[in-house]
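Undergrad: In order, the protein sequence lines correspond to chains S and Y.
Under my numbering, think of the first position of the first sequence as 1, with each following residue one higher.
Under my numbering, think of the first position of the second sequence as 1, with each following residue one higher.
Hints may be right or wrong, so weigh each one.
In silico BS3-like cross-links for lysine-lysine, where the CA-CA straight-line distance does not exceed 27 Å [said to hold, decoys possible]:
hint	chain 1	residue 1	chain 2	residue 2
1	S	305	S	230
2	S	14	Y	186
3	S	116	Y	4
4	S	48	Y	138
5	S	10	Y	138
Derived by calculation from the structure, the hints in this document are not laboratory data.
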Amino acid sequence: MFSFSSFYEKSRNKDILAGLFLISFAVVLNLVFGYFAMVFAFYLSFFKWDYIGKMQFVGLHNYMIVIRDLSRGLHGYPYILAPFYTGLKNILIYTALVVPIQTFLAVVLAAFANQKIKGQQFFKVSYFLPATTSSVIVGLIFIWLFMKTGFINYVLVHVIPGFKPIDWINSPHYLLLAIALVAIWGTSGHFMVSFLAAMQAIPKDMYEAAMLDGAGPIRRFFFITIPMLKPMITYVVVMGLIGALQMFDLAWIMAGSSGGPGGAGYTVALDIYNEAFTRIRPGVAAAKSWFLFAIIFTTTYIFQKKYGRAIR
Amino acid sequence: MTPKEREILIKRIWKVVTYVVLITFALVYLMPFIRSLVASFMTWAQASHYPPQWIPHPFTLENYQKLFRLELFPRWIRNTALYAGLIIAGNIVFSSMAGYAFARLEFPGRDAIFSALLSLLMIPMFVTLVPNYIIIYKLGLIDNIFGLALLGLVNVSSIFLMKQYFVSLSDEIFEAARLDGCGPVKAFFHIALPLARPALGAVAVYQFLGSWNAFIGPLIFLRSPENFTLPVGLSFAFQRSMWTEYTPIIAGSLVASAPTIILFLVLNKYLIRGIVITGGKG
Numbered sequence: 001m002f003s004f005s006s007f008y009e010k011s012r013n014k015d016i017l018a019g020l021f022l023i024s025f026a027v028v029l030n031l032v033f034g035y036f037a038m039v040f041a042f043y044l045s046f047f048k049w050d051y052i053g054k055m056q057f058v059g060l061h062n063y064m065i066v067i068r069d070l071s072r073g074l075h076g077y078p079y080i081l082a083p084f085y086t087g088l089k090n091i092l093i094y095t096a097l098v099v100p101i102q103t104f105l106a107v108v109l110a111a112f113a114n115q116k117i118k119g120q121q122f123f124k125v126s127y128f129l130p131a132t133t134s135s136v137i138v139g140l141i142f143i144w145l146f147m148k149t150g151f152i153n154y155v156l157v158h159v160i161p162g163f164k165p166i167d168w169i170n171s172p173h174y175l176l177l178a179i180a181l182v183a184i185w186g187t188s189g190h191f192m193v194s195f196l197a198a199m200q201a202i203p204k205d206m207y208e209a210a211m212l213d214g215a216g217p218i219r220r221f222f223f224i225t226i227p228m229l230k231p232m233i234t235y236v237v238v239m240g241l242i243g244a245l246q247m248f249d250l251a252w253i254m255a256g257s258s259g260g261p262g263g264a265g266y267t268v269a270l271d272i273y274n275e276a277f278t279r280i281r282p283g284v285a286a287a288k289s290w291f292l293f294a295i296i297f298t299t300t301y302i303f304q305k306k307y308g309r310a311i312r
Numbered sequence: 001m002t003p004k005e006r007e008i009l010i011k012r013i014w015k016v017v018t019y020v021v022l023i024t025f026a027l028v029y030l031m032p033f034i035r036s037l038v039a040s041f042m043t044w045a046q047a048s049h050y051p052p053q054w055i056p057h058p059f060t061l062e063n064y065q066k067l068f069r070l071e072l073f074p075r076w077i078r079n080t081a082l083y084a085g086l087i088i089a090g091n092i093v094f095s096s097m098a099g100y101a102f103a104r105l106e107f108p109g110r111d112a113i114f115s116a117l118l119s120l121l122m123i124p125m126f127v128t129l130v131p132n133y134i135i136i137y138k139l140g141l142i143d144n145i146f147g148l149a150l151l152g153l154v155n156v157s158s159i160f161l162m163k164q165y166f167v168s169l170s171d172e173i174f175e176a177a178r179l180d181g182c183g184p185v186k187a188f189f190h191i192a193l194p195l196a197r198p199a200l201g202a203v204a205v206y207q208f209l210g211s212w213n214a215f216i217g218p219l220i221f222l223r224s225p226e227n228f229t230l231p232v233g234l235s236f237a238f239q240r241s242m243w244t245e246y247t248p249i250i251a252g253s254l255v256a257s258a259p260t261i262i263l264f265l266v267l268n269k270y271l272i273r274g275i276v277i278t279g280g281k282g
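Pulled out of the complex, with its shape left as it was, chain S reads as follows:
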């Protein structure tokens, strides 16, 4: 079978050449803008630079700036003197609000929609619609809805007895909550659709068996649906954490690049942006971005360690 093996050999070589050619563009671009950029970010974090002049090696100085900022923040300095601490504190509160609420809401809404009901597609479409809209536009529209004489206060006054209209956007106490509410509004519907699909993949006979044993819809939800959804829940929480900890767009629009009144809407991502492009300290920005990476990595790692890996 000499001829066959040489034919095979030839086609193997062709495969190698074609394969390397076909991936070359994707690999080169990702090598430059992904891996090289990462190495460069690490290198940069040890230098003082203004983009134009000479780079000056400063050792761990940039990291020390971040640590000093954190310690100043812990000692109660105002946010201008401890911007990273303020951003970190805000983003942790924000994440603690957004991720549990949006996951819970998405699961519950999916469970309600996962029954024999009319108009399921209508509900899916309307819940998903916010996710197709740019967060900038969502933010701009919500600034108007959150105004003191705006629609949201109007609704709340009529739904909650004794509610007094709040100036959400201009209040240091409510700005972060307003941003969190917008984020929950924007993403929970998206995750609801993911949960709904996962629920529809749960075998029907499990529910039928439980029904024969006399389990009502609420018991079935807690003892069948939730355990079967565990990988999906982990996935949604991990995705939610990654998104929330890097939040930038909504804060930029609703609070402004300096974080709004008292820095109430300041985030770590805004701080990295300001280091790099307002205070022109790319080295410090790089050091701060590695802190952000460490925070995202450890929270998602700990969560997956505790509750099992996400589907990915």
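Please arrange chain Y on chain S, whose structure you already have, making use of the hints.
TA: Chain Y only, in chain S's frame:
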């Protein structure tokens, strides 16, 4: 009341609760869009009135006319379309090539290279943002839509999606082509690409949504107002308080989000299914 009747009653109550919850939340998710649509035809005096009003009186197109009288607004639309077009084209061409190679061809280091690409998904964009700014700056492509597009020309998630799709195709057709003497590149153009139309459509739609709505990239890499995309342009139009009234901003937001909303409404069945598939695995 017999137990049977009780059961029927409980079922009925449950049904009512279900619809009340679902409809309430549908209203919550839709209301901002409905309110903005209504307000975009109002004067600012009426749109800011408390309690809120529902019927534009007087009905006015002034907010939209104001936008298009602004020289920059049509430019922002064109820039956004150009950026989205470049991103879509780049991702379709390069991710289908790479996805096909990773799925269907054998070459040394294939799996290692693929997982190296995938692990880039774990890196927050803020880590690579400043270095990429410097790279693009050194290339002299700051304030240039093409420089900005260069960064997003091949997304790892598109490569992943295309690879998954090519893996799912049956081996037989590729084997048959190979035995007929069809080389790997020819098989890519004549067999793989025509079969990949649904996956290419999905890549195009996701990249469209992503690039049309993108903010941080355009914010950093574009500098002069005439080069802005819609999200950046609108955010600055608001921040610099070029307006004493907010209704043109609302109208602008609606115009800017119309393409993605219409696309979603037209394709909702496919999109929701596709997002579930990629969301679950990618």
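Undergrad: Need the list of violated hint numbers for this structure, in ascending order.
TA: 5
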